[in-house]
Amino acid sequence: MNKSIKFALNSVCAAVLLAASAAQAATIVIQSRDPAGVGFNDPTPVAPVGGNPGTTLGQQRFNVYRAAADIWEANLTSTVPIIVSAGWEALTCDAGSAVLGSAGAWNFWASGDLDVPLGVPNTWYPQALANKLVGFNIPDYVGQVDDGSGYGNVDIKTQFNVNLGAANCLAGRFFYLGLDGNAGPNVNFMATLLHELGHGLGFALGTTSSATGSRFLGLPSVWEGFMTDGTTSKTWLTMTNAERVASGVNFQKLGWNGANTVAAAPLVLKAGTTPKLTISGVNAGATAGDKALGEASFGPALNPSPVTADIMPLTSLTTPIGVTPGPTTTGPGCGPLTANDARAVLGKIALMDRGICGFAVKVKNAQNAGALGVLIADNLVAPISGLGGADSSITIPSVRILKVDGDALKVRLATRSRTSSGVVATLIAPFNGLLAGADASGRPLLYTPNPRIGGSSVSHWDISASPNQLMEPNISADLTTTLKAPKDLTVPLLLDLGWTAP
Amino acid sequence: MTKKINNSAKLAGMAAVLALAALTAPVAISQGAEGMRVAKDAVTGELRALTAEEHKALDAKGAADAGKGAGLKRAAAAAPAKSEPTLIKHNGSARVYGARMSDELMSQSVVVRMADGSLQEVCTDPTHAHSVVKALQSAPQASPAKALETE
Numbered sequence: 001m002n003k004s005i006k007f008a009l010n011s012v013c014a015a016v017l018l019a020a021s022a023a024q025a026a027t028i029v030i031q032s033r034d035p036a037g038v039g040f041n042d043p044t045p046v047a048p049v050g051g052n053p054g055t056t057l058g059q060q061r062f063n064v065y066r067a068a069a070d071i072w073e074a075n076l077t078s079t080v081p082i083i084v085s086a087g088w089e090a091l092t093c094d095a096g097s098a099v100l101g102s103a104g105a106w107n108f109w110a111s112g113d114l115d116v117p118l119g120v121p122n123t124w125y126p127q128a129l130a131n132k133l134v135g136f137n138i139p140d141y142v143g144q145v146d147d148g149s150g151y152g153n154v155d156i157k158t159q160f161n162v163n164l165g166a167a168n169c170l171a172g173r174f175f176y177l178g179l180d181g182n183a184g185p186n187v188n189f190m191a192t193l194l195h196e197l198g199h200g201l202g203f204a205l206g207t208t209s210s211a212t213g214s215r216f217l218g219l220p221s222v223w224e225g226f227m228t229d230g231t232t233s234k235t236w237l238t239m240t241n242a243e244r245v246a247s248g249v250n251f252q253k254l255g256w257n258g259a260n261t262v263a264a265a266p267l268v269l270k271a272g273t274t275p276k277l278t279i280s281g282v283n284a285g286a287t288a289g290d291k292a293l294g295e296a297s298f299g300p301a302l303n304p305s306p307v308t309a310d311i312m313p314l315t316s317l318t319t320p321i322g323v324t325p326g327p328t329t330t331g332p333g334c335g336p337l338t339a340n341d342a343r344a345v346l347g348k349i350a351l352m353d354r355g356i357c358g359f360a361v362k363v364k365n366a367q368n369a370g371a372l373g374v375l376i377a378d379n380l381v382a383p384i385s386g387l388g389g390a391d392s393s394i395t396i397p398s399v400r401i402l403k404v405d406g407d408a409l410k411v412r413l414a415t416r417s418r419t420s421s422g423v424v425a426t427l428i429a430p431f432n433g434l435l436a437g438a439d440a441s442g443r444p445l446l447y448t449p450n451p452r453i454g455g456s457s458v459s460h461w462d463i464s465a466s467p468n469q470l471m472e473p474n475i476s477a478d479l480t481t482t483l484k485a486p487k488d489l490t491v492p493l494l495l496d497l498g499w500t501a502p
Numbered sequence: 001m002t003k004k005i006n007n008s009a010k011l012a013g014m015a016a017v018l019a020l021a022a023l024t025a026p027v028a029i030s031q032g033a034e035g036m037r038v039a040k041d042a043v044t045g046e047l048r049a050l051t052a053e054e055h056k057a058l059d060a061k062g063a064a065d066a067g068k069g070a071g072l073k074r075a076a077a078a079a080p081a082k083s084e085p086t087l088i089k090h091n092g093s094a095r096v097y098g099a100r101m102s103d104e105l106m107s108q109s110v111v112v113r114m115a116d117g118s119l120q121e122v123c124t125d126p127t128h129a130h131s132v133v134k135a136l137q138s139a140p141q142a143s144p145a146k147a148l149e150t151e
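Just so you know, the sequences run in chain order V and S.
Anchor point for the first sequence: position 404 equals 404 in the working numbering, and the numbering is continuous, going up by one each time.
Anchor point for the second sequence: position 98 equals 98 in the working numbering, and the numbering is continuous, going up by one each time.
Calculated from the structure, these hints are not laboratory results.
C-beta atoms are modelled at their ideal positions from N, C-alpha and C, and glycine is treated no differently.
It is possible that some hints are incorrect.
Pairwise CB distance ranges (calculated) [to be verified]: (1) S:Thr150 x V:Val38: 45 to 53 Å; (2) V:Lys410 x S:Ala115: 40 to 48 Å; (3) V:Ala477 x S:Leu87: 36 to 44 Å; (4) S:Thr150 x V:Thr324: 18 to 26 Å; (5) V:Leu434 x S:Leu87: 37 to 45 Å; (6) S:Ala115 x V:Asp70: 21 to 29 Å; (7) V:Ala292 x S:Leu87: 55 to 63 Å; (8) S:Asn91 x V:Ala477: 43 to 51 Å; (9) V:Leu114 x S:Ala115: 34 to 42 Å.
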């Protein structure tokens, strides 16, 4: 067919489709590469699990693929079907580790031709997005025939490990094929698949090498324009190869500048806080001011709601119930507080020295006496450190302070009454204006470890993001299937690239 | 509280990955795509099929490699050096360029059973999968309670 006629027809078709459904949800077609009896065709009987009604292993595998595809379809629009080639294969594994699977955009397209107005001219786009932008299937348009593989022209190629859980392939740990996220000790296949399909839809650097900074055919990928280096203030578009390499290992300095993502970030990422202990009060004297602190690994973290009260020191050493008093068992806060100490710390912040028993034990005893919080003064001159330990029943905040600060406070507290001191502690973690996982300009950070980790670097969110994000390099257990604000930044990033939402 | 620990595990795990990421090194190609083995002829410098002796030697080497992480190591060694896409030579006349990726350029998720029995899952690429696995397997227990003094 004459090229201009063909394009005209394609354009008409595209225009009709666009007019009919300007916001048509995407359609994702899953094409199996599995032979009979394997993968999607595995007839092994299984019981339905976690909302997956399949009764064979093959059915359940396909149901997860379909459910993941449905989630992506509900988040993106395109008039051109997105083709995902899927195969279950014997991927590398041993007793302690395994390749779960892999995926990615199989073809990229760039255009400098006005007949094919593909996004930013001379810029590489993953095929699914490229098709969406032009409104037709580019391989068909250019007459591209399959390369004989059967999947040469697909948008996304995927493969997952058919042996996971078998002997010598992470034995006993399987793909969890439920749809409810309750993977338990197994691998949450839904989360893994959503993540990998995200890469295939465009969440990746693509055709540019993060190892060398070089570009395929000298053309940038669409991803590059959205990465701003916080040190040089340049995007990757304006960098040399060497500058791109350096930027790719500029730890926690590479931010995503896309408008959709930056706008969504405050809705998704936690506001950053800085823990703080402030001493004040009429009797504080020279102890007034902010003090160094170490946070506890138990109890509530300090937060923007302050806990403020007079500081009251313990005056007696105690021993746990049922334990014989002695030099290794009797210490500050180690047992139930004496009546005098209990009266003193009720509704106050208890001050006690480190030593003899665990930090968590001390805090729990103060909590039982009605303290609102605890300061544990180091008994050694040492750099500030945290309070280790665990006790899930502790509900009051506690921090460790330096010996020098503890000693100074005790001097000021010498003139207290039985129930007040006039030396006040405020435990707080005020917002610091930053988002957890974003730079000072509110740009979510990309993962840029030094040294570079191929496949992980630049093509994922930084692991400082909180809450955990689908497109961090590690798949966390607490991910949901919501891919946009207020839970996740995946869809906002894809919108920056050129996708649209229904 | 859970989040604190989760983040700590996340950070510790990835820190271990970072520490050993630089260990990945290119390995001479001795085994090509699955089911196909080739050798570089010492005289002509061209690729050719293996001799029976060379097949045996490669089999023996593979057996010797068997063990923890060896599977991924072999996979890394087997990966063809296809480090960039290939140009799609299409029949159209439009000035549209096509790039075909390869399996080596895909994102790849690996999972490791940690010493405490938990699983750590990381997305990397086929070239770096072995070093990522090795790093995670040598990572210390990621528990803030163990990192801090408790009394």
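Status of the hints after comparison with the structure:
1. S:Thr150 x V:Val38: 45 to 53 Å: Hint holds: Cβ distance 51 Å, inside 45 to 53 Å.
2. V:Lys410 x S:Ala115: 40 to 48 Å: 43 Å, holds
3. V:Ala477 x S:Leu87: 36 to 44 Å: 42 Å, holds
4. S:Thr150 x V:Thr324: 18 to 26 Å: 22 Å, holds
5. V:Leu434 x S:Leu87: 37 to 45 Å: 44 Å, holds
6. S:Ala115 x V:Asp70: 21 to 29 Å: With a Cβ separation near 38 Å, alanine 115 (chain S) and aspartate 70 (chain V) fall outside 21 to 29 Å, so the hint is violated.
7. V:Ala292 x S:Leu87: 55 to 63 Å: Since alanine 292 (chain V) and leucine 87 (chain S) have Cβ atoms about 59 Å apart, the given range 55 to 63 Å holds.
8. S:Asn91 x V:Ala477: 43 to 51 Å: The hinted range 43 to 51 Å holds for asparagine 91 (chain S) and alanine 477 (chain V), with Cβ atoms some 49 Å apart.
9. V:Leu114 x S:Ala115: 34 to 42 Å: 59 Å Cβ-Cβ, so the 34 to 42 Å window is violated.
Violated hints, in rising order: 6, 9; the structure is consistent with all others.
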